Amino acid sequence: MTFWSRIRSWLHATVQRSCVESEMDAELRFHVEMYADDLIRSGVPREEALRRARLNFGGIESAKEECREARGVHFAETLWQDLRYGARTMLRSPGFTVTAVLALALGIGANTAIFSVVNAVLLRPLPFDQPERLIQVWHTPPQKSFPGVPTFAVSPANFLDWRRQNHSFQGLSAYGFGRYTLTGSGHPEAIRMVAATVGLFSLLHAQPLLGRGFLDGEDEPGREHEVVLSYGFWHSYFAGNSDVVGKNIQLNGQAFTVVGVMRPEFDFPIFSDPDSRTQMWKPLAWTDQERAIRGDHNYAVIGRLQDGVTLRQAQAELDAISSRLAQDYPNDNRGWGAIAIPLRDDLVGDVRPALLILLGAVALVLLIACANVANLVLARALSRRKEVAVRTALGATRRRLLQQVISETLLLACAGGVLGLVLAHYSLIWMVKFLAQWLPRSGEIALDGWVLAFTLGISLLTGFAAGLLPALRVAKADLNQALKQGLGRTAADSGGSRTRNVLVVSEVALSLMLLIGAGLLIRSLWVLHNVNPGFDARGVVTMNVSIPINKFTEPAQQISYFARVLDRVRNLPGVQSAGLIDSLPLSEDGSHQPISQEGRPAAPMADLPEVEVRLISPGYMDAMHIPLLSGRELDDSDVAGRVGAVLISESMAKFFWPQEDPIGKRLTLYFFPELTRVVVGVVADVKISALNETQAQPTLYFPLAQMSAARGETWHSFGMKLAVRTSAEPLSVVPVIAGAVRATDGEVPLLNIRTMDDSVSASLSPARFTMWLLGAFAGLALLLAMVGIYSVMSFAVSRRTNEIGIRLALGASRNDVLALIVRQALLLALIGSAIGIVGALSLSRLMASQLYGVRPTDPLTFVTVAALLLIVSLAASYIPARRAMRVDPMVALRYE
Amino acid sequence: MVKPIDLLQGTLDILILKAVSLGPLHGYGVLLRIQQISKDQLEIQQGSLYPALYRLEHQGWIASEWGESENKRKAKYYRLTPAGKRRFQAETEKWNRMADVMAGILSTTPEEV
Chain A
1 MTFWSRIRSW LHATVQRSCV ESEMDAELRF HVEMYADDLI RSGVPREEAL
51 RRARLNFGGI ESAKEECREA RGVHFAETLW QDLRYGARTM LRSPGFTVTA
101 VLALALGIGA NTAIFSVVNA VLLRPLPFDQ PERLIQVWHT PPQKSFPGVP
151 TFAVSPANFL DWRRQNHSFQ GLSAYGFGRY TLTGSGHPEA IRMVAATVGL
201 FSLLHAQPLL GRGFLDGEDE PGREHEVVLS YGFWHSYFAG NSDVVGKNIQ
251 LNGQAFTVVG VMRPEFDFPI FSDPDSRTQM WKPLAWTDQE RAIRGDHNYA
301 VIGRLQDGVT LRQAQAELDA ISSRLAQDYP NDNRGWGAIA IPLRDDLVGD
351 VRPALLILLG AVALVLLIAC ANVANLVLAR ALSRRKEVAV RTALGATRRR
401 LLQQVISETL LLACAGGVLG LVLAHYSLIW MVKFLAQWLP RSGEIALDGW
451 VLAFTLGISL LTGFAAGLLP ALRVAKADLN QALKQGLGRT AADSGGSRTR
501 NVLVVSEVAL SLMLLIGAGL LIRSLWVLHN VNPGFDARGV VTMNVSIPIN
551 KFTEPAQQIS YFARVLDRVR NLPGVQSAGL IDSLPLSEDG SHQPISQEGR
601 PAAPMADLPE VEVRLISPGY MDAMHIPLLS GRELDDSDVA GRVGAVLISE
651 SMAKFFWPQE DPIGKRLTLY FFPELTRVVV GVVADVKISA LNETQAQPTL
701 YFPLAQMSAA RGETWHSFGM KLAVRTSAEP LSVVPVIAGA VRATDGEVPL
751 LNIRTMDDSV SASLSPARFT MWLLGAFAGL ALLLAMVGIY SVMSFAVSRR
801 TNEIGIRLAL GASRNDVLAL IVRQALLLAL IGSAIGIVGA LSLSRLMASQ
851 LYGVRPTDPL TFVTVAALLL IVSLAASYIP ARRAMRVDPM VALRYE
Chain B
1 MVKPIDLLQG TLDILILKAV SLGPLHGYGV LLRIQQISKD QLEIQQGSLY
51 PALYRLEHQG WIASEWGESE NKRKAKYYRL TPAGKRRFQA ETEKWNRMAD
101 VMAGILSTTP EEV
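Protein chains in written order, with my numbering: chain A, 1 to 896; chain B, 1 to 113.
Source of the hints: derived by calculation from the structure; they are not laboratory data.
Predicted model only: the values in this text are computed from it and were never measured.
We put the beta carbon where it would ideally sit given N, CA and C, even for glycine.
Treat each hint with caution, since some may be false.
Said to hold, decoys possible - Derived SDA-like pairs: lysine to any residue, alpha-carbon spacing no greater than 20 Å straight-line:
no., chain 1, residue 1, chain 2, residue 2
1, A, 721, A, 552
2, B, 76, A, 19
3, A, 64, B, 46
4, A, 64, B, 108
5, B, 76, A, 572
6, B, 72, A, 64
7, A, 433, A, 119
8, B, 72, A, 37
9, B, 76, A, 24
10, B, 72, A, 25
11, B, 18, B, 99
12, A, 144, A, 323
13, A, 476, A, 390
14, B, 76, A, 33
15, A, 721, A, 572
16, B, 76, A, 37
17, B, 85, B, 37
18, B, 74, A, 28
19, B, 72, A, 552
As the list claims (entries may be wrong) - Not everything, but these chain B residues come out facing chain A in the computed CB check (under 10 Å):
no., residue
20, 11
21, 27
22, 29
23, 48
24, 50
25, 52
26, 54
27, 55
28, 56
29, 64
30, 89
31, 93
All chains should be built: construct the whole structure from the sequences, respecting the hints.
Rendered as C-alpha cells:
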C-alpha cells in the first residue's frame, strides 16, 4: 500500500466524514435497487423484489461498519474521539490547561523567536549565486606588532600579486569605502560609495537591472569616472527613472557617468545596519604610485573559488604566495600572511557564539516547560487512575490508553505552539529594533516557512515528549491494585512521585544553569558599565563634517576650512569647548601606523612598532575631558612650518619610554616622514574601539594643521569628526552648530549626529541585548521551576493528608508538619542545585567569549544564584506546606 | 445447473481486481461480472463485497469515482490503478502456482509416494 493513498484516504475519511458516510449510503442503496430492478425484470413483483434484494444483501449496518474499518476510518475515529475527549477534560480543568498551555507557549515562543534570528543570520544562504564559494581574503598581521588582531586590511601591491599568482580563485576583487558628496540638485547629499576593481560584479554573478557593470580597463586612472547605482538610491533619488543610464552627475565636484543600476536584492558589502547600505559603486583606479604601495593596508578583498578548489587548497596557495612575498619584500611584508574566510563566516562569525548560546538557552527553557507539563499531566493522570482502571477493565488496550494521553499533550502543545507563534511575532518586532544596529542581516529576520515548520516540529515533539512519560506510567498501572485502592491516597504508593521528583530536580538543575549564565552576563555588563572609557561622555555631541571638496582641493585649503569651522563653533552660545578628530573613540575605523623613534637604528617597515594614530585639532582633549598627565596640550601655535608636536597616550609612553620622561622625545610617522615630531604631552588612555578592550592601545595624536599633502585622498574623503562639549542638553545645540558650519562655506552634509553617551551605550548594546534575552529566559526558567515545585509539593501534600492526619493525631506539632513538607521541597531543590552547579561549571566555559572582567566560574555568581533558587524553592513549597499544617486530623482520618 | 461453491478465504480480492481489470465497474457490476465470468459457479456474499472494495481502494489498488450508470443513475465506479495492476499480476502468478501445487499434491496416488 502506498503511503500517499493511505494518507489520502485517511484525510478523506477524517475531513469529510459525513460526506463519506452519505456516499457509502448512496452506493449501497444503488446496489440494492439495481438488484431489485433485475429481479423485477425477471418477473418478481416490486415489493417482493425490494424485500428479497435487502435480504440477499445481508446486514447492511454490519457491512457499513466493515467498510468504515476497511478504509481506515477507525483510527481517525478514535483519534477524533481522543481529541474531543481531551478538549473536554481540558475545558473542565481550566487551571491546569492554562498553566500547561502558557508554559508551552513561552517555551515554544522563545524557541521560535531565537530560531528565526538564527535562521536569518546563520542558516539562510547569502543572497548571491553559489554564496558558499565566495571567500573574503584578509591579511594576517605579525602578532608581534598586532597582538590579538586576527585579520587586517590589504595593500594594493599585495592584492595585485595575489590576483596574478593564484590559481584558486575565479576572480579576486579589492574594494574600499568612500564618502562622496553629490551636488547639482538642491541640497548636497552624502553618498556611501564603494570603489572596487572591475571584477567585482562578475565574480558575485550580479547582473545589473539597467545598463552594465564595469568594463575591463575602467580601473585605469582617468577612465574611472563611472558609477553604478543601487536600486534603492536609484528609486529615492532618480525616482526609478530608466533614462538615468548615460546621465552625468557631480560627485565631489567631478563629473561621473551613470552606467548601470543594480537589482533590488543586490547589496555588497553587507552591513549590519540597513542605513549603511551602499548607494553607488565606482571602479577603483590606482595610480602607478598607488599600485606599488605594499605597507599601507586599506582595502578589503573578495574572491570566488574556482570549481573543484577547496577552501583548504586556496588557503595553502595563499600561504605559499605570502611567504614568497615576505621573502621578496621583507621590508613591508615580513610577518604578513593571508587568510581565506568564507564570506558568511566573515560576516556573522562574531555573533555566532552569542546566538548559539541563546539557542541553547531557549532549548533548556523548552525542556523545563516540557518537564513541567509532563509533571502536571502525570499528576492528573494519577488522580484519574480509577477511570483508567475502569476503562482497562472494559477492554481498552494499552495502545489506546497511550494514544489518549499523548493526544491530550499534543493538543496542549499545539495550542501552545499557536500562542507561541503570536508571542514570537511580537517579541521579534521588539528584538529586530534592537538588533538592527549591530546584527548583520537582521533585516531578513521573519517568520517564514522554515520557521513555521520548525515551530510545528518542536510543538509536536514537545507534545509527544511531555506525554510519553505520563502515558507510560498510566498504561503500566496495575489494574487490580488501582481498583482496590480506590483513589489511592497513601504515601506508600511512590511510583508516580518518584518520576515527579526526578522531573522537578531536572527543572531546578536546568534553570540553575540558565540563571548562572544570565548572572555571569549581568556581572560582566555591570563591570563594563563601570569601566572608565578615558573620557567623559556626558554633555558631548559628535558629528561628521565633510569638506566641500569641489571648492578646496589643496590640503592647505582644507586644513584652513576646518580651522574656520572650529573657530565658529567654539564661539557659539552653549558650547564650552570643541575639537576635531579623524576617528572617535569606540569606533573601528581608526588608523594604525608604524613609527620610528629617533636614536634607534633604521629598520624595515615590517619591524617597526605600530601605534594607533589620530589626527586632531586643538581643543579635542578639552572637549572630551581626556586628562593631560604631563607636558602641554596641542594649541593654535602647532601649525605648518613649526616644530612637529605630538601627544601620546599613557600606555604609549610606558611602552616606548618605560624608565624615561617621554616629553621631548623625537619620532617619525612612517607615512608622514616629512617632519620629525616631538612629544609635547602625555594624555590618559581611552578605549579605542570598544569598552571591553582588555589592553590599553598605545595611541599618538598629531595636529591636523601639521598634516602634509601626501595622503590627502584617504582621510579627507571621510571628513573629520567634530566633538562639542555643551553646557545645555547636547542635541539642542545641533541646529546652531549646523548653522555655523553652513555659514563657514556653504552647505555640507552633517552626518552621524549623536551624543557621546549614545555611542558608549551603543557599544554595549550587543552585550546588553544578549544579557536581557538570557536574563529573560532564565527568569522564565525560574518561574517554570517554581510552578513545578509548587505543583509537586501540593500533590504530595494532598496525597499525604492521611499520613499527616495520623502524625498530628499522634502528637506531632503543626510546625513539625510544616518542616516535613518544606524539608522535602528543600531536598529536591538542593539535589537539583547540586546537579545544576556541576552542569553550569562544565557549560559556562562556552560563554567565556561573551564575558568581560568575570571568570566563567565566578564564585559570587554561583553562590548568589544557588541561594536565590533555594529561596524561591522554599517560597514555592510554603503554600502547600501551610495547607498541610492546617490539616484537621479528624477530617484527614475520615478522608479515605 | 451446478450448485455454486462458496468462495475460498482471500480469493474475493483477486476476483474483484480481475473484474475491474476488464473495465471500470460499479459495485453491483463487479458482482454481476464475477458471476458472469465464473458462469454462476461462485457464490459471493453481497455484504462482503463492499468492505473488500473499500479495503482495496484504501490500499491504493483500485480507485473510485462517481459516474452515470447504464440506466442514467449516479453510481460509484471502480477502476484498476497502476499499482493495482502490478498487484493483480503478482497475485495471479501466486494463485496459479498455488493451484498447480495443490493440484499436484491432490492428484498424487499411493504409488507415487
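Tested hints:
1. This hinted pair checks out: residue 721 of chain A and residue 552 of chain A have alpha carbons roughly 18 Å apart, not beyond 20 Å.
2. For the given pair, residue 76 of chain B sits about 14 Å from residue 19 of chain A by alpha-carbon distance, which is consistent with the 20 Å threshold.
3. Taken as a hint, the residue 64 of chain A and residue 46 of chain B pair is honoured in the structure, with Cα atoms around 12 Å apart against an allowance of 20 Å.
4. For the proposed pair residue 64 of chain A and residue 108 of chain B, the alpha carbon gap of about 44 Å is over 20 Å, so the pair is violated.
5. For a cut-off of 20 Å, the pair hint linking residue 76 of chain B to residue 572 of chain A is broken: about 93 Å separates their Cα positions.
6. Proximity of residue 72 of chain B to residue 64 of chain A is assessed by CA-CA distance (about 25 Å); at most 20 Å being required, the pair is judged violated.
7. Restraint check: the Cα-Cα separation between residue 433 of chain A and residue 119 of chain A comes to about 17 Å, which is no more than 20 Å; the hinted pair holds.
8. Between residue 72 of chain B and residue 37 of chain A the CA atoms are separated by roughly 13 Å; this keeps the pair inside 20 Å, and the hint holds.
9. This hinted pair checks out: residue 76 of chain B and residue 24 of chain A have alpha carbons roughly 9 Å apart, not beyond 20 Å.
10. In summary, the hint linking residue 72 of chain B to residue 25 of chain A is supported, as the alpha carbons are separated by about 18 Å, within the 20 Å threshold.
11. For the hint pairing residue 18 of chain B with residue 99 of chain B, the CA-to-CA distance comes to about 17 Å; that is within 20 Å, so the pair holds.
12. A distance of roughly 17 Å separates the Cα atoms of residue 144 of chain A and residue 323 of chain A; the hinted pair therefore holds under the 20 Å criterion.
13. A distance of roughly 14 Å separates the Cα atoms of residue 476 of chain A and residue 390 of chain A; the hinted pair therefore holds under the 20 Å criterion.
14. The straight-line distance between the Cα atoms of residue 76 of chain B and residue 33 of chain A is roughly 14 Å, inside the 20 Å bound, and the hint therefore holds.
15. A threshold of 20 Å between alpha carbons decides the hint, and for residue 721 of chain A with residue 572 of chain A the separation of about 18 Å falls inside it, so the pair holds.
16. Between residue 76 of chain B and residue 37 of chain A, the direct Cα distance comes to roughly 18 Å. Compliance with the 20 Å bound is thereby established for this hinted pair.
17. Our distance criterion of 20 Å between C-alpha atoms is met by residue 85 of chain B and residue 37 of chain B, whose separation comes to about 19 Å.
18. Our distance criterion of 20 Å between C-alpha atoms is met by residue 74 of chain B and residue 28 of chain A, whose separation comes to about 12 Å.
19. Pair hint residue 72 of chain B plus residue 552 of chain A does not hold up; C-alpha atoms about 96 Å apart against a cutoff of 20 Å.
20. A hinted interface residue such as residue 11 of chain B counts as satisfied when its beta carbon comes closer than 10 Å to some beta carbon of chain A; here the least separation is about 17 Å, so the hint is violated.
21. Of the supplied interface hints, the one on residue 27 of chain B holds, with its beta-carbon coming within about 5 Å of a beta-carbon of chain A, less than 10 Å.
22. Residue-level restraint check for residue 29 of chain B holds (minimum Cβ-Cβ distance to chain A is 8 Å; threshold 10 Å).
23. Here the hint on residue 48 of chain B is kept, as its CB sits about 8 Å from the closest CB of chain A, short of 10 Å.
24. Evaluation of the residue 50 of chain B hint against chain A yields a held restraint, the C-beta minimum of about 5 Å falling below 10 Å.
25. At about 8 Å, the closest approach between the beta carbon of residue 52 of chain B and any beta carbon in chain A falls short of 10 Å, and the interface hint on this residue holds.
26. Interface hint status for residue 54 of chain B: upheld, as the beta-carbon distance to the closest one in chain A is roughly 4 Å, under 10 Å.
27. Satisfaction of the interface hint for residue 55 of chain B is found here, the shortest Cβ-Cβ separation to chain A being roughly 4 Å, below the 10 Å cut-off.
28. Satisfaction of the interface hint for residue 56 of chain B is found here, the shortest Cβ-Cβ separation to chain A being roughly 9 Å, below the 10 Å cut-off.
29. Given the 10 Å rule on beta carbons, the hint for residue 64 of chain B holds: about 9 Å separates it from the nearest Cβ of chain A.
30. For the restraint placing residue 89 of chain B at the interface with chain A, the shortest Cβ-Cβ distance is roughly 17 Å, beyond the 10 Å limit, so the hint is violated.
31. Given hint, residue 93 of chain B at the interface with chain A, is violated; its Cβ is 19 Å from that chain's nearest Cβ, farther than 10 Å.
In this structure, the hints that do not hold are numbers 4, 5, 6, 19, 20, 30, 31, in rising order.
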